[in-house]
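K.L.:
Residue numbers (the working numbering), protein chains in the order written: chain R, 8 to 154; chain Y, 8 to 154; chain X, 8 to 154; chain V, 8 to 154.
It is possible that part of the hints are untrue.
Unchecked claim - Some chain R residues near chain V, calculated using beta-carbon distances under 7 Å:
| # | residue |
| --- | --- |
| 1 | E19 |
| 2 | F20 |
| 3 | R36 |
| 4 | E39 |
| 5 | T40 |
If you are wondering where the hints come from, they were derived from the structure by calculation, not from laboratory data.
Computed from a predicted model, the values in this text were never measured in an experiment.
Just so you know, even glycine gets a beta-carbon here, dropped at the ideal spot from N, CA and C.
Residue strings, one per chain:
Number of protein chains: 4
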Amino acid sequence: MAYEFKATRRVEFSDTDMAGIMHFSNFFRFMETAEQGFCRSLGFSVVLGQRDPPLGFPRVHAACDYKKPLRFEDLVEIHLLVQEKKSKSITYGFRFRNLSASPPEEVARGLITIVCVAHQPDGTMAAAPIPAEIAGKIEVAPAELLA
Amino acid sequence: MAYEFKATRRVEFSDTDMAGIMHFSNFFRFMETAEQGFCRSLGFSVVLGQRDPPLGFPRVHAACDYKKPLRFEDLVEIHLLVQEKKSKSITYGFRFRNLSASPPEEVARGLITIVCVAHQPDGTMAAAPIPAEIAGKIEVAPAELLA
Amino acid sequence: MAYEFKATRRVEFSDTDMAGIMHFSNFFRFMETAEQGFCRSLGFSVVLGQRDPPLGFPRVHAACDYKKPLRFEDLVEIHLLVQEKKSKSITYGFRFRNLSASPPEEVARGLITIVCVAHQPDGTMAAAPIPAEIAGKIEVAPAELLA
Amino acid sequence: MAYEFKATRRVEFSDTDMAGIMHFSNFFRFMETAEQGFCRSLGFSVVLGQRDPPLGFPRVHAACDYKKPLRFEDLVEIHLLVQEKKSKSITYGFRFRNLSASPPEEVARGLITIVCVAHQPDGTMAAAPIPAEIAGKIEVAPAELLA
């Protein structure tokens, strides 16, 4: 059972905008990096296209609170914590820490809620229970970590 | 005094991901499109670098609720509504409508809170009042539109 | 028979980088905007997933020469010209004109070569002739325009 | 004196498009990742804003030949090789190798030419010699590697 994962990324030139800081939309891409790493660490992929019906995990909610900017070449730790787990959805919390700051400091907090969906033959998607072999590997993080 | 703006964009191939739908992070770029159009419609830019000190409008909060996916070539209306106005910050709400659906339907709702900051000579940023000639042009949308 | 198309886009905040100009990789996304508009103008889409086998148009070559930078809010015309047409591939040339400059000026030239491929059941792709109803609508631009 | 650098990146979900492969424009962002790593390995940054006048390295040419697609979660090696060195410009070649293929295989080759420019007080840019302490660390790769 796992409830956390830490990914590290460096802010690239193409992640910045003309204000000289990481564009706010890229924090969401960084969250996804951590989510994908979390899934890989558990032995599965966020893409489950081989199943019948194929499953997917679209996002139904995403949010971010920005406290400090990230700049070019900053090394960033994205700390994923499982915040809520339901039969058909999971909410991940994310803490962004700028490891290039001295001392390292939290710069943002994010949130993503995914739902498990089955892709129907007619192209539509229907909410579906998260497969047991996946759900069984994921648990909610201890309350003190989520504070 | 203005409280709304409608921008229209078509979902590009590069906006999609392997799930065949618009990547969730791009909804935030689309919100910014509407914000920039709103500012231009009022005669100013989201970039106020010529001032002394230079002003900027970094985001402190961004969120999105996704109801339905957007697909390649869908024509999307992004309806900006001023949701809250304070001396140093503004919160914009966004309604995404897929105009390619029949009938057109709401597919997502978003939120962005910006703060006005002055760029200090030492590279830091400090919250600052929104200039009167800007603040004076913006008002909160009627409650019935925000419901 | 068509050999050209003009698309117009405005440089968005998220298109810029910390150098204050449009990131060089985004010129390729803008080229694709014009390509998609060209296809739509002829009554088909760059995505032909409904065929059997499904066809696609991956890129085998892309290039860009940058002469002048594009900046935030610049209005850009992307002029597509069909440069070469073979049975299984098409090469598009692109001229970028900054309409916000006075007078408007060419800022970049690009090139994209696409090949028609059939998606095989085993997941691989094989080059395939461009369908006659598409090829029949496209011709190479007059030499004087390509100079 | 250095003439090469190897960077490694994993293809993210947000790097893919609806064709299920990495979007062609992202190969250019990956090239930049390797370029930035190369500069850092030599002790400087692609951003030299602290100089007087501030220097920058805009791209004047970029190109890519695509042989095979990259897919989600593929691990990619981007091998930078210095291909040409002039007083005011450098051309980098890039080889993309898919390390997740068995055996690993080359999937694309790229090229970027940068010029050194000085940012003038009036906002324009003028070509300038690459500073000696940078130029002195970079040499052209052996011919057999560039073949």
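K.L.:
Would the stated hint for E39(R) survive a check requiring a Cβ distance to chain V of less than 7 Å?
P.N.:
OK, holds: E39(R) within 7 Å of chain V, min 6 Å.
K.L.:
Using the nearest Cβ pair, does F20(R) come within less than 7 Å of chain V?
P.N.:
Nearest chain V Cβ about 6 Å off; hint holds.
K.L.:
Mind checking the CB of T40(R) against every CB in chain V and telling me if the closest is under 7 Å?
P.N.:
Hint on T40(R): holds, closest Cβ of chain V at ~6 Å, below 7 Å.
K.L.:
Report holds or violated for the interface hint on R36(R), using the least CB-CB distance to chain V and a cut-off of 7 Å.
P.N.:
5 Å, holds
K.L.:
Interface hint check: E19(R), Cβ to nearest Cβ on chain V, cutoff 7 Å. Holds or violated?
P.N.:
6 Å, holds
Every hint, counting from the list given before, is met by this structure.
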